[in-house]
Amino acid sequence: KQGLAAGQHSLGYCFSNGAGVVQDEEEAVKLFRRAAEQGDADAQVSLGRRFEDGTGGLVQNDEEAARLYRQAADQGSANGQNALGNFYSWGKVVALDHATAARLYRQAADQGFTEA
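Residue numbers (our numbering): -6 to 109.
Since the hints were made in silico from the structure, they are not lab data.
Between beta-carbon pairs, the in silico distance windows are:
hint: 1; residue 1: Glu108; residue 2: Glu18; range: 18 to 24 Å
hint: 2; residue 1: Gly32; residue 2: Trp83; range: 24 to 30 Å
hint: 3; residue 1: Ala88; residue 2: Asp46; range: 21 to 27 Å
hint: 4; residue 1: Thr107; residue 2: Gln68; range: 17 to 23 Å
hint: 5; residue 1: Asn10; residue 2: Ala95; range: 31 to 37 Å
Quick reminder that beta carbons are idealized off the backbone N, C-alpha and C, glycines included.
Given only the sequences and the hints, what does the whole structure look like? Please build it.
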């Protein structure tokens, strides 16, 4: 509750995967949200994925997923750049824009992100 966004994200990961704790996706979402609100790019991507998929007790919301991916991408997160690139590549809640998708994929790849 005091912050420590990276720790909140890590604990959320543990709850999401049942690593050392009973798996609880809704608790993971709470922790990801706290960390994302503090600007943690990894948490923004993790929370964005839950919005994109409609998991963890969240209603599926591509607009919110794109907003979170953009926040992460703007901080230089390769994972965020790749996820946002997918939205541009598919025209998912953003205008279809292959040039922007390619730019985001390149930024992610330049950081060693192998999925880009």
